[in-house]
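Asks: Here is what each chain is made of, one letter per residue.
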Amino acid sequence: MTAPRDVVVTGIGATTPLGGDAASTWAAALAGESGARTFENDWAEQYGIPVTFGATIKVKPEEVLPRPEIKRMDPSAQYAIIATREAWADAGFGTAAEGDQQVDPERLGAVVSSGIGGIWTTLDAWDTLRERGARRMLPMTVPMLMPNSPSAYVELEIGAQAGAHALVSACASGAEAIGYGIEMIRSGRADVVVAGGTEATMHPMPIAAFAASRTLSLRNDDPQGASRPYDVDRDGFVIGEGAAIVVLESAEHAAARGARVYAKLAGVGLSSDAYHITSPDPEGKGQIAAMRRALEMAGATAADVAHINAHATSTKVGDLTETNSIRTLLGGEADHVLLSATKSMTGHLLGGAGALETVFTVKAVQERLAPPTINVANPDPELKVPLVRDAPAPLPAGDVVAVNNSFGFGGHNVALVVTNA
Amino acid sequence: MAYTDTEILEGLAEIVAEETGLPTDAVQLEKSFTDDLDIDSLSMMTIVTHAEDKFSVRIPDEEVKNLATVGDAVTFIVGAQA
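Chains H and L supply the protein sequences, listed in that same order. First residue of the first sequence: 1, per the UniProt record's numbering; consecutive thereafter. First residue of the second sequence: 1, per the UniProt record's numbering; consecutive thereafter.
Derived by calculation from the structure, the hints in this document are not laboratory data. Small disclaimer: the values here were computed from a predicted structure and weren't measured. In this text, a Cβ means the ideal position worked out from N, Cα and C, and glycines have one as well. Treat the hints loosely; a few may be bogus.
Some chain L residues judged to face chain H by a derived CB distance under 7 Å, without partners named [to be verified]: (1) 20; (2) 21; (3) 42; (4) 45; (5) 46.
Okay, chain L solo, but in the shape it has when bound:
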């Protein structure tokens, strides 16, 4: 089954909160992973790994550098489900 944009944002927020200790409502579409959420490259790869599991998608390594904001990640995962 495909997840909606809202479900993906909520799921990502849970993953980011688990990894960083940030509250889930800090994870919003326009937030930058590095500049706003202070997520380093190792944490980013951990988040990607968990997101792949959660949404049953594949996020290639070369794609990760294009995911600057949470919204970028949601958009990519929506597309990858199709």
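Next up, chain H with everything else stripped away, as it sits in the complex:
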């Protein structure tokens, strides 16, 4: 049996509330900007929705995609394709039309997840059926609403034949997709995998539904100050939308074509709580197991961990359970960790969150800068790990280990370990 292969990141792409690409998104995060804004609609009056803001996408797809693509894809797939094109070009790959032969299509995979799927398409189709009948239903409805649609469009875009997958694990979906991509390369199923997550839920139905679960911030008069993980005055998460994609590659394959390497994705840890459909296990057993497994795969110890991008959605129970888990796992070494909660700026991209935070973690390791956490005026005294606030914090020189945590409804836990290349 051959040894598992090293996996590196050679391309990144994103379209988010902070910017229309990965570079502008990262720059805005380092600058401590917020992507939250008041909705440009009257959903609150029309439906009585108590939340009037969200972290909406900064650059609308209509500005960058041709009209026929807009019509054939749910917004969730549109975001994924925008991020994929950036990441693919960033990795130095050309388009299929250009006859790019740098990767064997049978050794190329796609893993792109969405937590909720094509809900705009689903709900538009239901309106059409009720108002106009079955003969007015558009034939593209099913391929647009299916949750594997973004993955399928990415597979078509790059010509991936090693397999196209869409793992669904709520707000851990984007990280789990990247974890699966890592496994495809480590096990030898693929040399290159385009992986990430996407979400497009700025529709009144899911917003009303999240509001009904009492998990959304109601700080309508201060959208930019609403996402405040670890602050004593936090009151819930800010719903966001967007996509992030990474190009994963075996280290040998990247070296053979002289690719630029951002960082190494050295470990993935998965677990499930088997505790409750929406609440994390208060003892954090599943979260600890995911982080421990990821560090073990990376060959890292607690003392090596320099930075953690926390899941930290800005709910009291979620945020504190996570830092308690980190403290339990790392013990005294947690005093030396720089914790960042980037959802304070991006909002919560749901199925896109784990992928965007992987991009942030990769950039943090590459540039040795932990991004800030904004809106923390009064840190919760129960916070157990040093928090990066207001301005980026430098990571140490030498070998660094960073962890990206993503957790989802259903008790899904994913931890990814990023190290310098």
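Since chain H is already given, all that's left is putting chain L on it; use the hints.
Replies: For chain L alone, kept in the frame of chain H given last:
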């Protein structure tokens, strides 16, 4: 009111352009939907749905396979209006 042949061709060209991204002047009477315009079956059904709306006609599913060219579609819609 009934649409003229020219109005139907122009209307179809707009629908096809919207669906495929082709310029409207690429949509001419002798063009084959599949061979010349590269329209797959799902796109064809979408175009049919929009054409039914636009011209207030019914194009039965069993008729769609007979609409090989843009001209076939114009002829059918002219007849269906009557």
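Asks: The structure should be examined with respect to each hint, and the outcome stated for every one.
Replies: Checked hints:
| no. | hint | in the structure |
| --- | --- | --- |
| 1 | 20 | 6 Å, holds |
| 2 | 21 | 4 Å, holds |
| 3 | 42 | 5 Å, holds |
| 4 | 45 | 4 Å, holds |
| 5 | 46 | 6 Å, holds |
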